[in-house]
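From first to last, the protein sequence lines are chains A and B. Each residue of the first sequence is one higher than the one before, starting from 1 at the first, in the working numbering. Each residue of the second sequence is one higher than the one before, starting from 1 at the first, in the working numbering.
Note that these hints are calculated values from the structure, not bench results. Small disclaimer: the values here were computed from a predicted structure and weren't measured. Yeah, the Cβ is synthetic: ideal placement off N, Cα and C, and Gly gets one too. Check the hints yourself; a few may be wrong.
To be clear about the criterion: a stretch of chain A counts as covered by chain B if any three or more of its residues have a C-beta under 8 angstroms from a C-beta of chain B, and this derived list gives those stretches [stated by the list, open to error]:
(1) 57 to 64
(2) 119 to 131
(3) 235 to 246
The calculated label-pair distances, taken between Cβ atoms and stated as ranges, are [claimed, not checked]:
(4) B/Glu204 x A/Phe54: 41 to 47 angstroms
(5) A/Ile81 x B/Phe173: 33 to 39 angstroms
(6) A/Arg130 x B/Thr166: 51 to 57 angstroms
(7) A/Ile98 x B/Glu140: 33 to 39 angstroms
Computed list of chain A residues with no C-beta within reach of chain B, every gap over 10 angstroms [what the hints assert, rightly or not]:
(8) Pro144
(9) Leu159
(10) Trp211
(11) Leu222
(12) Ala226
(13) Pro282
(14) Phe286
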Amino acid sequence: MSTTEQRAVPAARAKAVAQPREGGYFLRSFNNSLVTILVVVIALLWSIPTFGLFISSFRPPQAIAASGWWTGLVPPWQFTIQNYVNVIQANGLGQAFINSLIISIPATILPILFGSFAAFAFAWMNFPFRNTLFFGVVAMLVIPNQIALAPILYWFTQLGLTGTYAALWIAHTAFGLPFAVFLLRNFFAALPKDLMESAYIDGASNFRTFWTIIIPLSVPALASLAIFQFMWVWNDLLIALIFVGGNQSVAPMTVVVADLVGSYGENWQLLTAASFLSMALPLVVFFSMQRYFVRGILAGSVKG
Amino acid sequence: MATVARERVAATAPPAREKRKFSWLALLWIAPAVILILAFFIYPLIQTLIYSFQNADSTAFVGLKNYQFVFTDPAMLDALRNNLLWLVLGTILTVGLGLIVAVLVDRVKIEAIIKSALFVPMAISFVGASVIWKFVYDYEPSGSTQIGLLNAFLGLFGIQPQAWLTNPAFNNFALIVIYTWMWTGFSMVIISAALKGIPDDVIEAAKMDGAGRFTLFWRIMVPMIAPTLGVVTTTMVINILKIFDVIYVETGGNYGTNVVAMEFYNQLFNFNNYGRGSALAILLTVVVVPVMIINVRRMRREEQGR
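Just need the whole structure built from these sequences, with the hints factored in.
Written as structure tokens, this is what we have:
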């Protein structure tokens with residue numbers, strides 16, 4: 001009974017986001033169109049900065065330096081893709097994009113894999129100190145990564161791992177684990193008990209139950225988690241700076257773009273195209289999977 | 001109800017899960033996660049604590065000298081003060097604006113579009129956002145064409161252009177605005193979900209009793225979503241405590257914008273001072289301990305209900 005209730009709560013929350021029902025108790029008496037205008041203005045205010053960078057990235061260098069991007073909106077238009085060509089070819093942004101992918105994909109898959117193994121055991125197996133260990137993981141949720149960076153930097157240097165992809169794979173996997181275990185364990189524990197019991201009675205091993213029952217049923221939770229972890233790794237600057245900062249051939253986009261700001265501070269055209277390239281993939285992921293993203297945020301917000 | 005169901009199951013077949021006591025195999029399932037968490041959380045916690053009592057290259061113990069530096073050095077005091085400003089203002093702005101927008105969009109038909117617009121910055125890295133806002137804040141000397149949106153806009157009203165990111169009078173505020181732009185969408189989405197969870201009859205009953213708009217808002221809605229507001233606020237506090245990327249990209253911690261996490265990076269990476277860097281990391285961790293305790297307590301309570 002309590003398990004079904006737990007399961008119903010996230011579902012109801014997600015549904016509330018997905019299909020806004022007739023709300024507005026508070027402002028019912030306000031003029032409807034006035035409120036609409038107000039929120040549209042807010043939404044525009046929020047969008048203009050990004051839109052400005054987007055327009056700038058297609059303007060010729062001399063135009064960017066000489067006039068505001070908004071002047072480029074009126075004819076005669078002189079848009080160009082030269083900035084993108086330049087940063088990809090001359091400034092190593094193409095390589096950085098590939099580096100970001102090489103870093104992010106394993107650093108997304110590994111914590112989810114290890115996290116779901118552990119979550120399964122925490123939810124459905126009996127072993128000594130099970131709850132103590134799980135509470136220990138929950139406690140790690142809010143620990144700042146900064147605490148680990150000095151000792152781990154020391155060890156990675158000793159082991160010759162600094163400046164390699166592996167350093168970032170390991171670090172991001174470890175840093176992502178508490179949240180992965182927390183989120184998945186709660187999801188797994190809320191799955192109907194009968195399902196598990198009938199599988200055991202049928203003689204299915206833990207391994208089979210995990211792959212044929214738990215994982216297929218948990219696709220929404222796994223998707224939310226994957227998006228989160230991917231965005232987190234893709235957008236990370238600090239960990240990449242510390243562990244591979246000096247090695248440009250391995251550095252992800254965030255590090256390269258941040259360097260561009262420092263060294264090319266006034267070469268606006270490169271900066272615009274470079275940073276837009278770095279945002280492209282997360283934005284595509286965001287718009288195509290917004291539903292899972294929001295669901296993940298709602299599930300994860302318990303951690304505060 | 002739950003007990004009845006359980007007894008019925010027990011009558012027909014013994015509950016399989018209860019029979020599987022102490023499966024040592026389970027340790028294999030948790031091993032990768034537990035080992036990594038031990039290596040990247042527990043061990044570093046102890047090691048960093050030790051470093052924080054040692055000198056720059058961890059060759060000798062120096063007592064509390066690193067902490068003394070953190071709490072007395074004038075530059076550090078600046079960083080601590082900035083962090084406090086960030087915590088207070090950043091949290092109020094993101095949670096406050098998130099609440100206001102959540103209440104407002106609840107009313108409009110194009111709710112989904114508005115929400116997306118506010119939410120998009122969450123997908124962008126702090127680095128990307130910093131570049132976006134570098135363009136908004138760009139400053140050219142008075143008299144020349146302003147290519148930054150803010151100065152150009154203010155110029156329409158005859159206001160002199162300002163160096164938003166380098167003038168210590170307001171650059172911290174300018175940086176906090178960037179954070180607000182990024183994270184308001186987050187609090188709005190969570191608060192909005194909580195608002196929709198308030199039962200209609202509660203609102204209707206309050207209205208029947210003659211509650212006005214503001215009574216309804218402050219006496220009914222805000223108290224009913226108080227737990228959610230608490231969660232969002234703690235999330236923001238934890239986030240802002242570690243704020244680094246924006247400052248690294250925009251000012252590098254110069255012009256009076258330094259914060260603890262920026263100084264941590266400088267000490268560890270630029271000055272190779274493990275002692276001071278570690279003392280700063282310990283400071284960041286100590287602050288989150290209460291949140292950690294609250295989390296574990298709540299989890300424990302939920303477990304007992306299960």
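*Evaluate the condition: distance from the CB of proline 282 of chain A to the nearest CB of chain B exceeds 10 angstroms.*
Violated: least Cβ distance 4 angstroms, not greater than 10 angstroms.
*Under a C-beta cut-off of less than 8 angstroms, do 3 or more residues of the region 57 to 64 of chain A approach chain B closely enough to confirm the stated coverage?*
violated (count 1)
*Consistency of the no-contact label for proline 144 of chain A, given chain B and a CB cut of 10 angstroms*: Non-interface label fails for proline 144 of chain A: nearest chain B Cβ at 5 angstroms, not farther than 10 angstroms.
_CB-CB spacing for glutamate 140 of chain B and isoleucine 98 of chain A relative to the 33 to 39 angstroms hint_ = holds, 36 angstroms
*Three residues minimum, CB to CB under 8 angstroms: does the region 119 to 131 of chain A make the cut for coverage by chain B? Let me know.*
holds (count 10)
*Taking the beta carbons of isoleucine 81 of chain A and phenylalanine 173 of chain B, is their distance inside 33 to 39 angstroms?*
This hint holds: roughly 36 angstroms between Cβ atoms.
*asked:* Using Cβ atoms and 10 angstroms as the threshold, tell me whether leucine 159 of chain A really stays out of contact range of chain B.
replied: About 12 angstroms separates leucine 159 of chain A from the closest Cβ of chain B, which puts it past 10 angstroms; holds.
_Minimum C-beta separation from leucine 222 of chain A to chain B exceeding 10 angstroms: can you confirm that?_
holds, 15 angstroms
*Is alanine 226 of chain A truly not at the interface, in the sense that its beta carbon sits beyond 10 angstroms from all beta carbons of chain B?*
Its Cβ never comes within 10 angstroms of chain B, the nearest being 14 angstroms, so this holds.
*Okay, glutamate 204 of chain B versus phenylalanine 54 of chain A on CB: inside 41 to 47 angstroms?*
holds, 45 angstroms
_Outside-interface status for phenylalanine 286 of chain A - nearest CB in chain B farther than 10 angstroms_ = Not fine: 4 angstroms to the nearest Cβ puts phenylalanine 286 of chain A too close to chain B.
*Given that the region 235 to 246 of chain A was listed as covered by chain B, double-check it with a C-beta distance under 8 angstroms for 3 or more residues.*
Result for this restraint: holds, n = 7.
In summary, the structure is inconsistent with hints 1, 8, 13, 14 from the numbered list given earlier, while agreeing with the others.
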